[in-house]
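Please construct the entire structure, taking both the sequences and the accompanying hints into account.
For the protein sequence lines, the chains are A and B, in the order given.
Residue numbers for the first sequence follow our numbering, so the first one is 796 and each next one is one higher.
Residue numbers for the second sequence follow our numbering, so the first one is 796 and each next one is one higher.
All the pointers check out, no bait thrown in.
Identical copies carry no separate label here, and so any pair may be met within one copy or between two of them.
Taking lysine-lysine and the PhoX-like style, the derived pairs with C-alpha atoms no more than 25 Å apart in a straight line are:
#1 K927 / K968
#2 K887 / K928
#3 K927 / K892
#4 K968 / K887
#5 K825 / K903
To be clear, the hints were calculated from the coordinates, so they are not data collected in a lab.
Letter by letter, the chains look like this.
Protein chains: 2
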Amino acid sequence: MAASTKKQRPTPEARSRAILETAARLICDKGYAATGIQEIAEACDLTKAGLYHYVQSKENLLLEIMSYGMDLFEEQVLSQVEGIEDPVERLKACMAKNIRLVTRGWSKEVTIILHEHATLHGAAARKINARKKRYVRFLEDSFREAVEKGLIREVDATVAAFSFLGMVLWIYKWFRPDGQLTDDQVANGMIDLLFKGLEPVRVP
Amino acid sequence: MAASTKKQRPTPEARSRAILETAARLICDKGYAATGIQEIAEACDLTKAGLYHYVQSKENLLLEIMSYGMDLFEEQVLSQVEGIEDPVERLKACMAKNIRLVTRGWSKEVTIILHEHATLHGAAARKINARKKRYVRFLEDSFREAVEKGLIREVDATVAAFSFLGMVLWIYKWFRPDGQLTDDQVANGMIDLLFKGLEPVRVP
Chain A
796 MAASTKKQRP TPEARSRAIL ETAARLICDK GYAATGIQEI AEACDLTKAG LYHYVQSKEN
856 LLLEIMSYGM DLFEEQVLSQ VEGIEDPVER LKACMAKNIR LVTRGWSKEV TIILHEHATL
916 HGAAARKINA RKKRYVRFLE DSFREAVEKG LIREVDATVA AFSFLGMVLW IYKWFRPDGQ
976 LTDDQVANGM IDLLFKGLEP VRVP
Chain B
796 MAASTKKQRP TPEARSRAIL ETAARLICDK GYAATGIQEI AEACDLTKAG LYHYVQSKEN
856 LLLEIMSYGM DLFEEQVLSQ VEGIEDPVER LKACMAKNIR LVTRGWSKEV TIILHEHATL
916 HGAAARKINA RKKRYVRFLE DSFREAVEKG LIREVDATVA AFSFLGMVLW IYKWFRPDGQ
976 LTDDQVANGM IDLLFKGLEP VRVP
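Rendered as structure tokens:
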């Protein structure tokens with residue numbers, strides 16, 4: 796009997812996580828609006844009523860997927876670089892890590908955050924937007940600090956932050972793992988482009 | 796009688812254009828998948844059968860909207876700058892014009908092209924993708940030409956082209972006409988950032 800008690804049924808937490816994973820895969824492939832709650836239930840081997848035991852609503856499911864994507868982002872990008880003293884090195888490390896988060900296939904939750912940017916409403920939208928804004932502020936503050944310390948020339952911190960974000964986040968639209976560029980080439984190329992600039996070649 | 800014959804009913808072309816405009820507004824606001832063909836018909840004061848007199852299918856309607864958006868883009872951006880001799884000036888003018896196309900509210904067709912990038916399938920997708928690829932090639936060729944002429948330092952033309960596109964096209968996600976930055980400030984700031992680079996301030 797001891798052996799069979801070890802083979803337990805999945806805990807409610809594990810079950811919830813598996814449902815989120817399945818829903819994220821469907822929404823990532825087809826888009827939120829085109830994915831029905833019935834279809835999510837079927838993919839999870841549940842009835843619609845059974846699915847509603849785990850999730851309150853389709854919008855709530857999207858909020859949970861996005862929250863999990865923001866957890867991933869904060870864990871694998873933001874918290875890894877926030878402690879770097881030099882603001883330029885901090886921004887470069889942040890760009891490299893964020894690009895990898897976008898290019899590696901397992902980050903479907905991150906793709907959903909990027910693509911479904913206007914899908915949530917009310918309190919759910921405010922919750923996710925507040926976490927996104929924290930990232931924008933972090934970038935703006937780092938650019939501002941780099942200017943103040945004379946490490947980069949004077950630029951508008953907001954334009955710089957959104958240029959950084961555009962370069963990095965647009966990647967989900969065009970990058971293919973089997974394409975001509977590796978994600979490391981994209982990361983190194985973009986870091987070089989933004990931080991070294993596009994100055995004329997000076998013949999010595 | 797002469798006066799009344801002048802007040803004609805809209806031509807089929809004008810009617811088709813009005814339907815495209817209405818559908819584009821709905822799809823831009825709610826997303827393609829969430830917009831029903833019934834809803835489009837109602838907004839056009841037509842029955843569903845009446846709407847199908849003008850459009851073959853919802854997907855075909857999307858293709859027509861995107862084709863019109865690409866027409867707008869080619870007319871207001873690409874054809875305006877292709878003739879500029881200096882590749883750096885060509886790229887700068889292109890960036891300024893493309894940013895304006897994204898920020899001005901009337902370009903809902905352009906927003907739809909940007910957001911619904913994976914919605915079309917088969918021949919329709921190939922048609923739009925070929926026009927998008929033409930733009931990517933134009934940017935890559937211009938960057939390559941600028942490197943070859945020694946006008947900018949050596950960079951990967953593909954990374955540069957997609958960095959340009961990311962900066963410019965991501966704008967539809969965050970820019971608000973009533974925000975702290977005008978679209979001219981964004982355009983000038985991004986041109987400065989990408990083309991002048993981010994070199995350290997050198998104290999003379």
